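Novice: Here's the letter readout for the chains.
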Amino acid sequence: MDLLVPTLFFIVGSLVFISITFGVWRLLRPHRPDANKLTAYECGEEPVGSAHGLFNSRFYIIALVFLLFEAELLFLFPWAVAAFRSQAAASTAWATFVSIEIFLFIFILAVGLGYVWRKGYFNWGKMNYSQTLIQNSPIPRSVYEAFNKRQ
Amino acid sequence: MPTTILLFLFFLGFLLLYTVLAVYAERKMAAFIQDRLGPMETGYYGLLQTVADLLKMLQKEDIVLRGADGVLFRAAPFVIFASVFAGFCFIPLAPQGIGSESTTGIFALLAIVSLDVMGILMAGWGSNNKFSMLGAMRSVAQIVSYEVPLGLAVLCVAVCAGTLNLQEMAWQQGIFAIESHAWGGVFSWYVVRYPLLLPVFLIFFTASLAECNRAPFDLPEAESELVAGYQTEYAGFRWGILMLTEYGMMLLVSLLSAVLFFGAWNTPLPNVGIVRLAEWTSGTPGHISAWLWGAFWLLGKGLLLVGLQMWVRWTYPRLRIDQLMSLCWKYLTPAALLLLLLCSLTKLIF
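Going down the list, the sequences are from chains B and Y. In this text, residue positions in the first sequence follow the working numbering: the first is 25, and each later residue adds one. In this text, residue positions in the second sequence follow the working numbering: the first is 2, and each later residue adds one.
If you're looking for bench data, these hints aren't it; they were derived computationally from the structure. Just so you know, these numbers come straight off a predicted model, no measurement behind them. Any given hint could be a false lead.
As the list claims (entries may be wrong) - Okay, derived cross-link-like pairs now, BS3-like style, lysine-lysine, Cα gap no bigger than 27 Å in a straight line:
hint : chain 1 : residue 1 : chain 2 : residue 2
1    : Y       : Lys29     : Y       : Lys61
2    : B       : Lys61     : Y       : Lys57
3    : Y       : Lys29     : Y       : Lys57
4    : B       : Lys143    : Y       : Lys331
5    : B       : Lys61     : Y       : Lys61
Please construct the entire structure, taking both the sequences and the accompanying hints into account.
Specialist: Have a look at this one:
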């Protein structure tokens with residue numbers, strides 16, 4: 025109850041606050057939409073296609089790695105509180121137990137990090153866009169190479 | 002419950018006043034750092050500039066694009082603001098002055114504030130604009146990545162404190178603690194009592210800049226490539242709420258680092274001999290004086306850290322996306338893991 029009621033109060037309160045400000049805004053603002061205003065901004069050009077398309081899979085890998093780490097963090101929080109209660113920490117058995125746990129937990133986290141690192145998922149490698157462009161281009165490749173040499 | 006209502010009203014009012022002044026302060030600070038004057042025309046020394054901007058914003062047309070997902074687009078500011086503002090519920094403003102007495106305060110705070118990511122994704126997808134979409138993707142990737150070092154840094158403090166309740170942490174860092182520290186003041190702050198927490202603070206501060214999408218981690222809003230990121234298609238007061246949230250987030254993480262490292266609502270002045278500076282500047286818990294002193298010290302520390310964030314913004318250049326990711330995963334996360342190990346060992350030995 026200590027958690028739920030105040031948090032809900034803050035959330036609902038802030039929603040009410042935004043609704044009130046939007047209400048005031050509604051009273052003051054003009055409403056004159058036209059076709060040009062309602063097109064997406066693409067630096068003054070006519071928008072091409074829809075933004076609801078494919079996205080880069082690198083974002084997916086980051087999300088996946090985050091999920092793994094966050095799950096481990098989730099377990100570390102209760103451990104951080106339970107392990108260091110001053111009464112319990114006095115006994116040697118408890119201290120040994122806790123220190124083994126520390127190494128085990130952090131070792132698991134570190135191994136996970138090392139694995140993902142080794143797999144190269146943290147390398148935000150450069151996409152070779154120019155190669156693809158050249159392949160699809162009607163201009164022969166040698167023209168590009170000659171141009172690059174001249175630079 | 003009366004405390005919760007009081008704190009809700011206080012934080013809402015303070016957030017509005019602070020945002021108006023902080024936008025002005027940031028523009029002035031940027032101007033002085035870049036050797037120009039900044040806003041000068043509206044009001045004395047440009048003081049009314051933000052108020053004028055606010056009034057202008059209220060008269061702007063509401064534009065929801067053709068082809069946009071209207072529901073997501075309209076709901077996004079609500080989700081973003083509510084999730085950040087709910088975080089203030091766990092900040093102890095004074096002795097006995099905390100919105101939620103929950104024993105898992107900091108944990109709940111991190112959980113609720115990370116819902117912000119949902120709102121950003123809703124805004125980016127709902128806009129049906131390529132800039133918004135890319136901005137939202139980058140923003141989400143960045144925020145979730147930096148949540149790992151941020152969580153580990155918080156964990157280091159939790160290990161040292163032995164509690165997840167921010168109010169309990171605040172009590173421990175002052176002259177009212179059960180195991181009282183003779184001098185009080187700055188000497189009972191966590192960052193002084195546990196020197197290992199100084200590098201932890203640096204990690205926390207860096208990660209919190211990324212969480213706020215602030216420079217040098219403002220790639221999601223990089224104006225030279227993405228116009229304004231997920232905010233591109235927002236106009237009028239709906240955009241105003243997004244701006245309010247950005248400044249609210251800055252204040253929230255600053256208050257949080259004040260609580261975690263710099264003594265929360267406790268005075269920085271120590272008791273020296275018969276000069277009882279700490280006692281004179283703390284008030285009596287439960288009395289109105291403790292509320293006033295507590296709010297003064299906590300908000301003062303928070304605002305100083307917000308100033309530091311602004312200073313960083315106008316000093317360092319923006320990182321590239323691959324540098325951003327390698328800083329988070331290859332430097333901050335291993336460093337935070339190591340510090341967590343050291344913190345728990347220190348705690349176990351002493």
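Novice: If a hint holds in the structure, say so; if it does not, say that too.
Specialist: Going down the list of hints, with the structure as the test:
As the CA atoms of Lys29 (chain Y) and Lys61 (chain Y) are separated by approximately 25 Å, the hinted pair is consistent with the 27 Å bound. In summary, the hint linking Lys61 (chain B) to Lys57 (chain Y) is supported, as the alpha carbons are separated by about 18 Å, within the 27 Å threshold. Of the supplied pair hints, the one linking Lys29 (chain Y) and Lys57 (chain Y) holds, its CA atoms being roughly 20 Å apart against a limit of 27 Å. At roughly 13 Å between alpha-carbon atoms, Lys143 (chain B) and Lys331 (chain Y) fall within 27 Å of each other, so this suggested pair holds.
For the hint pairing Lys61 (chain B) with Lys61 (chain Y), the CA-to-CA distance comes to about 13 Å; that is within 27 Å, so the pair holds.
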